[in-house]
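In my numbering, the protein residues as written are 1 to 382.
Errors might be hidden in some of the hints.
What the hints assert, rightly or not - DEER-style ranges, computed between Cβ atoms: (1) G274 / P97: 18 to 26 Å; (2) A301 / A253: 54 to 62 Å; (3) G342 / A110: 51 to 59 Å; (4) G27 / N47: 42 to 50 Å; (5) G328 / G158: 27 to 35 Å; (6) G266 / S107: 43 to 51 Å; (7) G212 / N303: 37 to 45 Å.
To be verified - In silico DSS-like links for lysine-lysine, alpha-carbon gap of 25 Å or less: (8) K242 / K188; (9) K200 / K188; (10) K138 / K77; (11) K239 / K188.
Because the hints were derived from the structure by calculation, they are not lab data. Built from N, CA and C at the ideal position, the CB exists for glycine as well.
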Amino acid sequence: MATTALTVAGLGAALLATIPANAASVGTWDKVAHCESTDDWQINTGNGYYGGLQISPQTWNAFGGREYAAYPHQATKQQQILIGEKILAGQGQGAWPNCGPAAGLGSDHADPYPATSTPPAPVGMVHLTAADFTGDGKKDLVGVESASGKLWLYPGNGNGTLGNRVQIGSGWNGMSNLTAADYTGDGKADLVTVDNSTGKLFVYPGAGSLNGSATLGARVQIGSGWGTMRNLTAIDVNKDNKADLLAVDPAGALFAYPGTGTGTLGARTQIGSGWGSMAELASPGDLNSDGKDDLVAVDPAGNLWKYPSTGSLNGTNTLGARNQIGSGWDTMHQLVGADFNGDGKGDLDAVQAPTGSTGTFYFYPGNGSGGFADRAQIGTGW
């Protein structure tokens, strides 16, 4: 399968509109897949490339693949081809150096999926994050309804379940990578997110109470060039009681952006590499009862890993040696961490759903020793 050399060419989604459109028929894409993967659209051999078109996670993420699935092989054939179209437009048939030219990818300009057969947009809730937005000491859940772009808040009940949702915003279709913590230092949870069209990073200061569209204040730009960053995760990685931000760049480098407590971020520090293949980063809080926030992530094989924090921002020593705490997590999406049941132990929420469908929402209570107890279903239609 080593017939591809897909790389990220520094092209974020916001730049794709300026590139002349290329296209190829489904038949031509089938030829590419036959050459790359012998027609196996769900292939995962562990060689760093996935799916029928053998796309790397870095390229998949850079060209918007995570709107469909965490990894290429988890998406449908049609979704893989649609991302392939974007890669073709940005990098040409040379993105598949052997199979692209052999299949005539550069000379076929047919639209593989005309407007009448465009697949539906992702369904259910996306970009989930958690914090105490209502000021009652209980962790709430915030997410975007993909079909409408509405921003919803689900108030936490303090026992791992959620109350009736309240709309707190609209027009959020173009935002991604939502994460939440007190970034402004006023004791109220704020929302941080990336504007996909510009790559700008914004903080929406929380009001500390549930009040419809007034739950969040006017946004403030705190960064630019974030269009290709992914897996934004709020965490106090250096134990200074200020919310920091983790993010993965297109090359798979993991960076920590220390929070200042005033709504801005300090100079970033690289704390890891090889994170391009990891998905669903989340910080449940303190998983192992040592008083430090920990990190979890899912690898391409579906294994769930815990990365304990050392409590200091010290390059590659910021996170300790990882240990596996679960398997079969490749079917889980939208991981979000917090102490949802108020017992002082880090918990995890996650959606189990087939690609392109709504799913079942589960609560995984932390056991205080680095793992989770038996899950409980807390919702459907997610």
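Inset, instruction - Quickly compare the C-alpha distance for K239 and K188 to 25 Å and report which way the hint goes. - result: Within the cut-off at roughly 18 Å; holds.
Legend entry - Satisfaction of hint between K188 and K200, Cα-Cα up to 25 Å: Given that 25 Å is the threshold and the Cα spacing comes to 23 Å, the pair holds.
Inset, instruction - With 37 to 45 Å as the target window, see if G212 and N303 comply at their CB atoms. - result: At roughly 41 Å between Cβ atoms, N303 and G212 fall inside 37 to 45 Å, so the hint holds.
Inset, instruction - With respect to the beta-carbon atoms only, verify the hint that A301 and A253 lie 54 to 62 Å apart. - result: Taking Cβ atoms as reference, A301 and A253 lie about 22 Å apart, which means the hint is violated.
Inset, instruction - Decide if the proposed pair is consistent with the structure: K138 and K77, CA atoms, cutoff 25 Å inclusive. - result: violated, 41 Å
Inset, instruction - State, for the Cβ atoms of G266 and S107, whether the hinted interval 43 to 51 Å holds or is violated. - result: At 50 Å between Cβs, range holds.
Legend entry - C-beta pair G342, A110: status relative to the range 51 to 59 Å that was hinted: Check passed, 57 Å falls within 51 to 59 Å.
Legend entry - Pair hint outcome, K242 versus K188 [Cα-Cα no greater than 25 Å]: Roughly 12 Å separates the two Cα atoms, so the pair holds.
Inset, instruction - Starting from the range 27 to 35 Å, see whether the pair G328 and G158 falls in it by beta-carbon distance. - result: The hinted range 27 to 35 Å holds for G328 and G158, with Cβ atoms some 29 Å apart.
Inset, instruction - Could you say whether the range 42 to 50 Å given as a hint is met by the Cβ separation of G27 and N47? - result: violated, 26 Å
Inset, instruction - Determine whether the Cβ-Cβ distance between G274 and P97 falls within the hinted range of 18 to 26 Å. - result: About 23 Å separates the Cβ atoms of G274 and P97, which means 18 to 26 Å holds.
The structure fails hints 2, 4, 10 (numbered hints given earlier, in ascending order).
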